[in-house]
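Colleague: With the hints as constraints, model all of the structure from the sequences given.
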Amino acid sequence: MKLEPGSRAVLACVMTGFALTGVSARLVQLQWMDHEKYAEAASRKHLLTVEIPSRRGLIYDRNGELLAGNQPLIHLLADGTRVRDAEKAAAVVAPWINLSEKEIAAKITAGIAAKNYNIEIERNITEERAAGLKQALKITPIAGLMLRDDMRRIYPNGTALCHVIGFLGFDRRGVHGVERSMEEWLRGVDGRRNIERDGSGAEIVSYRGEEIPARDGASVYLTIDMGLQTITERMVDSVMAEHKPKSMVVILSRPSTGEILAMVSRPAFDPRTPGKQGAGQTNRAIASVIEPGSTFKIVVVAAAMNERLADLDTTIFCENGKFYYGGRDLNDHRPFGDLTVRQILARSSNIGSVKLALQLGENRYYNYIRRFGFGFKTGIELPGELPGIVHSPENWNSLSIARIPIGQGIAVTPLQMLTAMNVIANGGRLVEPRLVSRIEESSGRVVKKFEPAFSRTVISLAASKKVATALEDVTGPQGTGRLAAVPPFRVAGKTGTAQKAAPNGRGYLDGGRYVLSFVGYLPAEDPQISMIIVVDEPQGSKEDRTGGRLAGPIFAALAARAASYLNLQPSPAGPIATAQP
Amino acid sequence: MKNCRRSGGQLQGGPIVTIVLCAVVIVSVALYFVHIHIQMLELGNVKKRLEIELAGITKALQAAESRYAELTSRPVLERRLAEIGSDLIPIPEERLVSLDPTRFPGEEGVRTVSNRGFAAK
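From first to last, the protein sequence lines are chains A and B.
Residues in the first sequence are numbered from 1 upward in steps of one, following our numbering.
Residues in the second sequence are numbered from 1001 upward in steps of one, following our numbering.
The hints are simulated quantities; they were obtained by calculation from the structure and are not laboratory data.
A few of these clues could be false.
Said to hold, decoys possible - Selected chain B positions facing chain A (in silico; Cβ < 7 angstroms):
1. Gly1013
2. Met1040
3. Lys1047
4. Lys1048
5. Arg1049
6. Ala1060
7. Leu1061
8. Gln1062
9. Ala1063
10. Ser1066
11. Glu1070
12. Ser1073
13. Arg1074
14. Pro1075
15. Pro1090
Quantities reported herein were computed from a predicted structural model and do not represent experimental measurements.
Beta carbons: idealized from backbone N, C-alpha and C, even for Gly.
Modeller: In structure tokens:
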């Protein structure tokens, strides 16, 4: 068929029109109808969001000594789907890691066979070795070998202060101690950056999109003084070795501010390998309760003084050592006749203390127990604190009023007992114990400061002074705590020798199993440090297993060293320190 | 008539100059844009290199800090002291004298602690 020239032009125009229409239709489909789909595919290929890792905050003691830090590490990995020659890769890598060529090749070969894209060749390569390895890989590139940056938490002091510092779990979150309680501050916030890559996968920096910088975790400064902590830990370890108790707790604090200066709990654990020592992880200073024994007598005496039911010189007949009440006999450790209130504390008379409680009455006495903070958590910045066990008077039996004043039928934590003693040291005011001093950003800006928290006035200043006077007698020549004296300082304190309660709560364990304790402070006229010593089931002769004979000397030795460390001024009434020729 | 023919064959200089100028400006702007763009890419690469360097230095600093912390930790220093200080004779506690003058509340001035230890020497 032969077309006219005009018709050919028309046909060409029509065909061109159809072709252009087709192309236009396709363009409309690509650019408009399927726009989202292709835009997303392009984004997936070229755009990427990379994470900017943050650094976990550090933990320091009150003087800036590092307690928990971070150590950068590098792991060597291989992608089993990309490594072609295991032997060649092993030859390049071997000089820089602790494995032989043969071992490396075997690992990579096994990974290639299993199509493992994350073969762990060696973890924790040091910075210097990693630098050498990077250089070697630059000279002889091996596809599929990767160096991955990582961070490890380090605890330079090992087991020291382990219960307070705590440790991290596998997910890098704190699971114990300050690491857990201060997790919100210590944990930083990872940042992110949207980047665009070229065909080779390299970032085109000028096309960088939105960027949210990483925020490093803040550093936590504790009230702990590592000098005192070390002195205390050494003392505790020597007592543990000599007397082999089941457990032991020592806490040092500054009464006026509630700052904890040292806290030791045994058995201990190594925070670098926390999984291996489960039993030692309990911080017995806050997460273990004891029947306090005679140290609890300070509550009944303080309450009686505050209610003006008794004065220091009020005389109470102590029944010559045997008092029948509530269907049971109550005994003193030796017979006493008439004792003044200060003698009741100094000689630790059970009968005298119970008679004071009877004068107070159940409800009033219970009220004082609670006001001293027993039955409540102290609020210290540590996880797992127990409130103790304090039954209300409705649940008391006829014997309770004759047992609780001498520290039986009640369970307290060592920290609660120390806080109660601090009430006397502070003129009747309850100051909450605290372990964290401040929180600082990496720039040095203080974001939070923990100030002393005065909870309430428990007893009057006058009453507290009277109790303090009586507590000084405890470490006097006639007191049960005379071995806790620390000349030339005036020391106020109270001994405790508590028979251990049976686990089922019925009666007490046989075989002379005791919890021995001493709680006190010095200098009595201007308290600078307070301390509690708790020794659970020490071995040794029966005579030595009393709070005054075992815990008292420990207190004295520790207090003397702490006073020297803190350069405390000797008490005016005491003898002046002299240097012997 | 002659004048008309002459004027009709003449080139119009003004528009040509304008067009050429516009073309030059557009080309210059385009070239400048390309130049800036290339510079941005190069600066981006420099920025990236510096970022990597900075990250490396930061990491090295952190590694040094952690090493320093480990080497100056109490257990290590105590062990070191025990190694090098085994020949030292510890000073007995009773021979220690506080150099701080003892001040009692309400009392002023310096108070001698004791001179006995020194007099004996």
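Colleague: Quick check: which numbered hints come out false for this structure?
Modeller: Hints 1, 5, 7 and 15 not satisfied by this model.
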